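Read top to bottom, the protein sequences are chains A and B.
So the first sequence is numbered by this note's numbering: it starts at 59 and just counts up by one.
So the second sequence is numbered by this note's numbering: it starts at 2 and just counts up by one.
Bear in mind the hints are in silico, worked out from the structure with no lab data behind them.
Remember, predicted model here, so these are calculated numbers, not experimental data.
Please note that a few of the clues may not be correct.
[Stated by the list, open to error] Just some of the chain A residues that point at chain B, by a computed CB distance under 7 Å:
#1 Met59
#2 Ser62
#3 Gly76
#4 Ala105
#5 Ala114
#6 Pro115
#7 Gly155
#8 Tyr164
Every residue, glycine too, gets a C-beta built ideally from N, C-alpha and C.
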Amino acid sequence: MNYSNAEIWFTILTLGAGTFLLRYSFLGAIGSRPMPQWFLRMLRYTAVAVLPALAAPLVVWPAATHGQTDPARLAAAAATLIAGFVTRNTLAAIVAGAATLMIGFYLS
Amino acid sequence: MTQDSNAPSRRAAAIEASRARALARSPMQSLRHGAIQSLPFLLVMVPFGMLFGVVATNAGFDLAQTMGFTILVLAGASQFTAVQLLTDNAPLWLVILSSLAVNLRMAMYSASLVPWLGGASQPARAAVAYALVDQTYALSIDYYQNTPRLSVAQRLGYFFGTAIVMCAAWIFFAYLGATVGRAIPDSVPLDFAVPITFLAMIAPALRSLPHMVAATVAVIVSLFLAGLPAGVGPMIAAILAMLAGSATEVWQMRRSGGRA
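The whole structure should be built from the sequences, with the hints applied where relevant.
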């Protein structure tokens, strides 16, 4: 790294302030003003839209394998999804995913 | 889902009972309940937090800088993005923009909490904003949607219960990772804690066709746009996925003659 201590702290503080403003944006500025129906309808799908979008590239092209698709990680992701869908339980999904990943590593 | 609501099943009775319990909780009890319900997430928060401490320290950040990221930014994915890009000696403006792009979803979380927490006081909303991470959001919005008649005080209680456990764990274990975490063997695939958490959080929420359509669109578009700079592809994919989910909902509503 070729940054001074001040440059790193500038990055940390800017990122911290920017992230807070993103989180505060609607909650802080809009308050309890009513919002349009179509907007509320879209927001129902925030979590199921954002998290899979973030996870998908990490699953298919993991940084740890330098972007090489890894059968053990694919299987772990599939096990997480299936267990979570069937049991409706986040913990069961995590355990299933971690166990599958460990078995996959052991086999490879 | 229609079958569920027509024929009163054991599942419907269980949901009704859990609603009654949620409504009976005082704000303090709601806080305790939120804290307890977030405990399973420690299974991923602990390795994930430690991983950040280990990665940042190995990249050459000192303890104060590592903890500065952890406490002031308090957002795992974007902290990893920033550390990665700084390690690559990227220009600072690109580091900041990319890491903020990863956090753009927080604005959507913020917006989706307005109907539930918009009536809270200014300081309370600022405190919620500080602690608004994937886990506290996912747990809370699920709790609110399951029992829509909760009071604002009960909702805040639950949120802060999840926030205390999640944020304290994130900060403490990042510290632990930065100080003693070098002992973790390289063979442990800690990197996969991130996608596993994300998938485990959404899989139980795939309870209707629009939810499934949204998730599918998100995955396909995000993979298709993977070549774009960090954070941009998932952002576009998420917006299209939300549109697809709400369009499916409207289509379903029309087909069943206005009944949701």
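These are the hints, each one checked on the structure:
Look at Met59 (chain A): its Cβ gets to within about 5 Å of chain B, closer than 7 Å, so that hint holds up. A hinted interface residue such as Ser62 (chain A) counts as satisfied when its beta carbon comes closer than 7 Å to some beta carbon of chain B; here the least separation is about 11 Å, so the hint is violated. Among the interface hints, the one on Gly76 (chain A) holds; its C-beta lies about 5 Å from the nearest C-beta in chain B, closer than the 7 Å criterion. About 6 Å separates the beta-carbon of Ala105 (chain A) from the nearest beta-carbon of chain B, less than 7 Å, and the hint is met.
Restraint check, Ala114 (chain A) versus chain B: the minimum CB separation of about 4 Å is within 7 Å; hint holds. The criterion of a C-beta within 7 Å of any C-beta in chain B is met by Pro115 (chain A), whose closest approach is roughly 5 Å, and the hint holds. Because the closest C-beta pair between Gly155 (chain A) and chain B is about 4 Å apart, less than 7 Å, the hint holds. About 11 Å separates the beta-carbon of Tyr164 (chain A) from the nearest beta-carbon of chain B, more than 7 Å, and the hint is not met.
The structure shown violates the earlier hints numbered 2 and 8.
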